[in-house]
Amino acid sequence: MIRLRQLMFAVFFLFHPLTLLAVDTLVDPLDSPAWAVMHERILGNEPVVFDDRVTVMTPEFAEDPMNVPVSVTVNRLEGVQSIVIFADLNPIQKVMEFKPVHLKPYIAFRFKVEQSTPVRAAVKTSDGVWHVGGRWIDAAGGGCTAPGAGRLVDNWHETLMNVTTRIWHDSGHLQRLRLRIMHPMDTGLAPGIPEFYIEQLNLRDDSGQTMADIQLFQPVSENPVFTFEISDEIKSKVITLAGTDNNGNRLDAVIR
Amino acid sequence: MLVHAGDELDYRLEMIQVADDTYAFIGEKEDFSRSNGGNIVNTGFIVTDTGVIVIDTGPSLLYGQQMREAIGRVTDKPIIKVLLTHHHPDHIFGSQAFADTPVYALPGTLESIRGEAQGFLDNLYRMVGPWMKGTRVMESVRVLEIQHENIGGHALEYITMSGHTAGDLMVFDEKTGVLFAGDLVFHNRALTTPHADPGDWMAALDRLLNMDFRILVPGHGELSSSKDAVEQTRDYLLWLESTIRDAVQRGLDMNEVMQIPLPERFQALAVISSEYPRSVIHRFPVYEEELLQ
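Line order of the protein sequences matches chains A and B. 1 is the number of the first residue of the first sequence in the numbering used here; add one for each residue after it. 1 is the number of the first residue of the second sequence in the numbering used here; add one for each residue after it.
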C-alpha cells in the first residue's frame, strides 16, 4: 500500500517539469512506516531532501542493542547548521542534536535500539533545508528497556560525570578527539529506573568561543564515547568541555 | 532449503566416520537461520565397548532427538555420557534429548549456562523459529571433575582450556588419535568472539600446535588431519586482535574499523562478512577502554 502510494507520487513528480530532478530525493528511500511522523515531529515539516552526501554508517545487525555504533559524515555540503540523529522505530526516536559550529560535520558514538529501525541523520543547512541520509539496522531488540551494566553492579555513582579523553594529531591534516563521559544514560523505560541522562554538552576553545553544542537524548549509550573531527583552522591548545544532566549534575573538564 | 509451515522439520544430519568407533555430524558453515534450523555446528560421538560418549548436542531438542536416532542406527549400545565442550547455544540445546544420561561440562561452562542460556534460547527461537519447538534450558548439568578416563577400551583425555569462552573442553581419544577441539578451532569459517579472551585462546592454540593428534574435529568446518585448521584459527585471531587494537589506537571509529579490507587469505572464510563486524563490536570496546584509561 505504502509502495503503491510512493509509486503514484513518483509518477506524479516524474511528469512534473519543475521537479524532474527531485524525484529521487523526495521519496523516503528507507520506505519507513514512520517517516511522515518523523518529518513532522522531529523536522517540523520543514523542507526535506534525501541526500547521499549525508552518510550514516552502522553495522547491518545490532550485535549489542545497547551499544550500536553510528557514524555520521557529511561531505560536500556547505553551511551545515545542525545534525539531528534519530531512529524512526525506537520508543524514543531522537538520539542527538549536534551543532558542529567549528568542528567538522562528523560524529561517531553508540546508542540503544529497541527493535529493527531506520537510523537517520538530518542535516540542516543555512538555506533552511534538511538533508537526510540513513539506513536500516536489524536488531533482536531490547536495548532501550533493559537496565545498563552499571545499574546491575550499582557502582555508577562512583564515577558519575568523569571524563577521559584522547586527541590525535595526524600530520596537521586530520585531528580527532575522543571523549568518554561516565553516566548511566537511563532511558526511563527499564522497570523501576527513572530517566537519567546527559542533556547538554558544550565544547569551547581557549578564547571561550563555542566549538560545538550537543543536545543528547535518552537513547545515547551508557558511559557515552564520542569521536569528533577538529577543523584545521582551530589552533586552540586547550578545549574545555561543560555539560549537564537532567538531574542538574554538572561536568567541567579541560582537554589538552 | 526453504521451510514452510506444516513441513516436516528434518535436519538431515550427515554422519561421517572419523575413525574406528568415532563419528561426527558436520554442520553448515553458516549463521543461524530458519533454513538451517541452527545446524551450523559439529557434534560427534564415540562408541566404546560399554556405551556411547556424546560430544555436544546441537542447537535444539529436535537436533538432539535426530542425533540420537542417527546414533541408534550405528550401535545399539546405551548412551552413557554427554560432554558439552562449552556453553554456546549451537552446542548445548539438544541435551534435553539425552535427559536420561548424565551431562557434564567444565565449571566455567556451567556458570555461563546459568547466566546466559535463557537469553541464548530466546534469541534462537527468534532466529530459527519452529526448529526450537519444545527446547528448554536443561537444568541438570554436572561438573566434569576428571582429566582422564578409561571407558570400554578407549583412554579419553579431557583437556581443560579457555579462550573461546571461560570454559573450553577438548576430548582426546588416545586409542584413535581423534581430537574433538570444540570451538577453540574453526576450519574455513570465521571465528565467533562474543566471549573470547584472545590471550587464553592463543595459549590454547599454541598448545594444540604441539599436540600429537591424528584427526581434529573442529567446532565448525571440515575435519582436519593436519595442523592446518589450528594454524588458520591462530592466524585469523592474531590478525583480528592486532587489526582492531591498531585501529583503535589510530583513532578510527567502530564503523570505520568494520570497513577495513580483509586480507585475501581470509576472504574465503565462510560468514566472514558478518562475523568480522561482530568481532569488532566485541573487541573494540576492550581496546578503547585501554586507550581511555
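FYI, nobody ran anything at the bench for these hints, they're computed from the structure. In this text, all values refer to a predicted model and were calculated from it rather than measured experimentally. All residues carry an ideal CB built from backbone N, CA and C; glycine is no exception. There's no promise every hint is true.
[Claimed, not checked] Label pairs and their calculated CB-CB ranges: (1) A:Asp138 x B:Glu14: 39 to 47 Å; (2) B:Gly129 x A:Val37: 25 to 33 Å; (3) A:Val163 x B:Glu145: 15 to 23 Å; (4) B:Asn188 x A:Arg256: 46 to 54 Å.
(request) Would you list, in rising numerical order, the hints stated earlier that this structure does not obey? (result) 1 and 3
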